[in-house]
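*Asks:* One-letter residues, chain by chain:
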Amino acid sequence: MTLIDLANPTRFLALTARVLPWLAAATVILLTIGLYQSALAPDDYQQGATVKIMFIHVPNAWLSMFVWGVMSIASLGTLVWRHPLADVAAKAAAPIGAAFTFLALLTGSLWGRPMWGTYWEWDARLTSVLILFLMYLGLMALWRAVDDPSRAARAAAVLTLVGAINLPIIKFSVDWWNTLHQPASVMRMGGSTLDKSFLIPLLLMAIAFTLLFVTLHLAAMRNEILRRRVRSLQMMQASQKAA
Amino acid sequence: MTALSALIRRDVRIALRVGGGALIGVLFFLTVVVLMPFAVGPDLALLSRLGPAILWLGALLASLLTLDRLFMADHEDGSLDLITMSRTPLELACAAKALAHWLAAGLPLIVATPVLGLLLNLDMVATGAVALTLLAGTPALTFTGMIGAALAVTLHRGGLLMAVLVLPLSIPVLIFGVAASQAVIVGPMSFGAPFSILCALSLVSLVVGPFAAAASLRHGLD
Numbered sequence: 015m016t017l018i019d020l021a022n023p024t025r026f027l028a029l030t031a032r033v034l035p036w037l038a039a040a041t042v043i044l045l046t047i048g049l050y051q052s053a054l055a056p057d058d059y060q061q062g063a064t065v066k067i068m069f070i071h072v073p074n075a076w077l078s079m080f081v082w083g084v085m086s087i088a089s090l091g092t093l094v095w096r097h098p099l100a101d102v103a104a105k106a107a108a109p110i111g112a113a114f115t116f117l118a119l120l121t122g123s124l125w126g127r128p129m130w131g132t133y134w135e136w137d138a139r140l141t142s143v144l145i146l147f148l149m150y151l152g153l154m155a156l157w158r159a160v161d162d163p164s165r166a167a168r169a170a171a172v173l174t175l176v177g178a179i180n181l182p183i184i185k186f187s188v189d190w191w192n193t194l195h196q197p198a199s200v201m202r203m204g205g206s207t208l209d210k211s212f213l214i215p216l217l218l219m220a221i222a223f224t225l226l227f228v229t230l231h232l233a234a235m236r237n238e239i240l241r242r243r244v245r246s247l248q249m250m251q252a253s254q255k256a257a
Numbered sequence: 302m303t304a305l306s307a308l309i310r311r312d313v314r315i316a317l318r319v320g321g322g323a324l325i326g327v328l329f330f331l332t333v334v335v336l337m338p339f340a341v342g343p344d345l346a347l348l349s350r351l352g353p354a355i356l357w358l359g360a361l362l363a364s365l366l367t368l369d370r371l372f373m374a375d376h377e378d379g380s381l382d383l384i385t386m387s388r389t390p391l392e393l394a395c396a397a398k399a400l401a402h403w404l405a406a407g408l409p410l411i412v413a414t415p416v417l418g419l420l421l422n423l424d425m426v427a428t429g430a431v432a433l434t435l436l437a438g439t440p441a442l443t444f445t446g447m448i449g450a451a452l453a454v455t456l457h458r459g460g461l462l463m464a465v466l467v468l469p470l471s472i473p474v475l476i477f478g479v480a481a482s483q484a485v486i487v488g489p490m491s492f493g494a495p496f497s498i499l500c501a502l503s504l505v506s507l508v509v510g511p512f513a514a515a516a517s518l519r520h521g522l523d
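Chains as they are written, first to last, in my numbering: chain L, 15 to 257; chain P, 302 to 523.
This is chain P alone, in the form it adopts within the complex (with noise of 0.2 Å):
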């Protein structure tokens, strides 16, 4: 336990710090939202119908973006093998980096958020409904995510073949995010449904990612 926490602690610390750029990702979703307005035209009409969605693609991309690295610093200076190699399972290992990735990385999107949703006209119940979707769904995105970066780093290849590989998985969780939130602004869907469903996704996410990244870094690593 002891190790777990200390490994979280490590990650959010070295994540917060000069060269972690975990606040970066939060930059990347503000100006992804901000090229929205030039895209479909300053409407706030229009934009207010669309907020919910674009704040959602704009966490999931900032939210996968960042992923790219969750293992990759650690293999290079050669962590990522000590951990490989301790006594900790390496399923609960990598379940802690992507906690604390998810600490460090999605937290701010969401808190982020409120700010955003001024931007797009959404009013205060709309922007609490994505907020409280954003909380609900991201952890599904880190912990599918993860598989992609777990990819990355026994293949050493990055970027576009991972979002490729991993977007296609994260497709339910932008359904019923965005239907959730959408629930609460126009109705006349109940919000409890896919608000439920979404955070089901992210359970079954937190079983399946830890899995799956330690079979591939296991298998993949020499």
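Excised from the complex, chain L in its bound form (with noise of 0.2 Å):
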């Protein structure tokens, strides 16, 4: 099986609804232990219980950025491959990157408020994630605003992989305008390896949400071909009634 089998979309429908369901039950049960995992681990002993946001928190940041890398591969297989299910996977991966991109900075300034004592303070990663978060934003509304799919798809690709290149870039300059305006202000949480009792909770809820991710895009890669196919039938339909 490779990927080329899966250019089929009736291949790739009928693979993944086997799959599904076995995807759905393993995020479930690993976001279970996950979770009570996170229960069980200690307070920290300076932040108290709310260092448990952090289980929550790393792994939305963290895929927030792998659902980027997902769309630029996917962006190189609309342009270079002309893979038929690209498109489809890099336009479904958006709105779940932009939501876990979100969760992020919510429970960011969540954590933030009862620790550094404001919702939200200029600090470099909370600064580029939110511009992280305004390109997921501008790639949805540019797939919203084409209507001939393979256009906006041949667009967003092109869109994606410059954001690719440029993502680094961004995240490096706000790093450096940071250190610049405000030195050292941000408590982190001491520099410290972290502790077994929080770290495999953290590994923990760390898979549960890619698999988590996974689950979604294929999900989503399903519904967008359906809706793909119900708006040819539409279109056939009326050019039908026209003639």
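Honestly, I wouldn't trust all of these hints.
What the hints assert, rightly or not - Partial selection, computed: residues in chain P whose CB lies under 8 Å from chain L: (1) Leu381; (2) Leu383; (3) Ser387; (4) Leu452; (5) Leu462.
What the hints assert, rightly or not - Rough simulated footprint, nothing fancy, chain P against chain L, three-plus residues with beta-carbon under 8 Å: (6) 106 to 120; (7) 151 to 164.
What the hints contain is simulated information worked out from the structure, not anything from laboratory work.
Nothing here was measured: the structure is a model prediction, and the numbers come from that model.
From the three backbone atoms N, C-alpha and C, an ideal C-beta is built for every residue, glycine too.
Fit the two chains together into the complex; they arrive one by one in their own frames, and the hints show the way.
*Replies:* Printed below as a string of structure tokens:
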């Protein structure tokens, strides 16, 4: 089974219909274990119980970048290999990535309130994640602005790849800008390596969230394929009526 | 080579003559800067502190808004199809068009900077620093914005959508442009580090911009 075998949407639908229930079950089980382990994790000596926000916040932040990576590979698929499902994958991933990014921002700001005393700090990481969120929203706006999916796909693919080159540059410059403006105003977790009691639940949650993304992404791709079929059927019907 | 220089000369000439609208960018720049005192108050000390930031924001908006029609006019009269089909590589043609646009629309912004610096109570050194950073940084804005212009012509959409897509990409240029000018005015940073990074950003966009624009033109036009 290679990627080319999945180029046929019908075969893709059949395969994902078989795989999805297992993926969903695995996601639920891992999420349950992960959440349970996170609840059992000890309080931090400095941060108290708020440290548990980390178990949600970090996986979201990691996925916010991971999804852009998935979209970049899918964009290469659109532009280079002309894989027929690549643009479906890219389009389906954008809103999910935006949701993860938003959750990372939201949990970060809820975590920041007790820790830093403010919901929003122009901290380097928060700022660059906010820019990432803006870029996700821009991409989604682009998908919505153009009615021809293949035309929108190529434009979005170019923009996703340019974004993939630019994101590290933006991250670096925001870091630089931040150290220039407010040196060391933000308290970090002591720079210590994480204790095992935190690390294991965190890793579990990271795997669970990644599985969650894969499940949601495949389901969204199925929806997108079906949506396009419905659309082309409607157009056929309309042209028959007109004729 | 002659084809490229002919393209540059043609674009500059079109931009400067009736209907071109390259100088509208300068007018827009002036208007944005004149609006600022009404927003923050006519406090000269405050204005001179905000000066570099205001000038950079104005230049950023002016150069991006004029870019909107970089490929549009050529698409309407059909010359874009000729450029795409010619033996000159499309990447080079895109770079030439961007260069012509920068000559016609970007350079006037830099020439206008000393006058606007006067309005914002910037001294000679500060104005010179802002003008120098603009000279180093505006090519990056033009070459990044070109990607948006190419998408605009293939999607038949322009305006706000392109601004939303392209403006986040110009954040690094803004950061380092303002940082380099502030380094000259208030210190304590050295001018060299942010300025070299600004030049590096321009060089990177010089490479990435034409390729991305050519890719979206090649895939998008039909």
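*Asks:* Any hints this thing doesn't respect? Which numbers, in order?
*Replies:* Structure breaks hints 1, 2, 3, 6.
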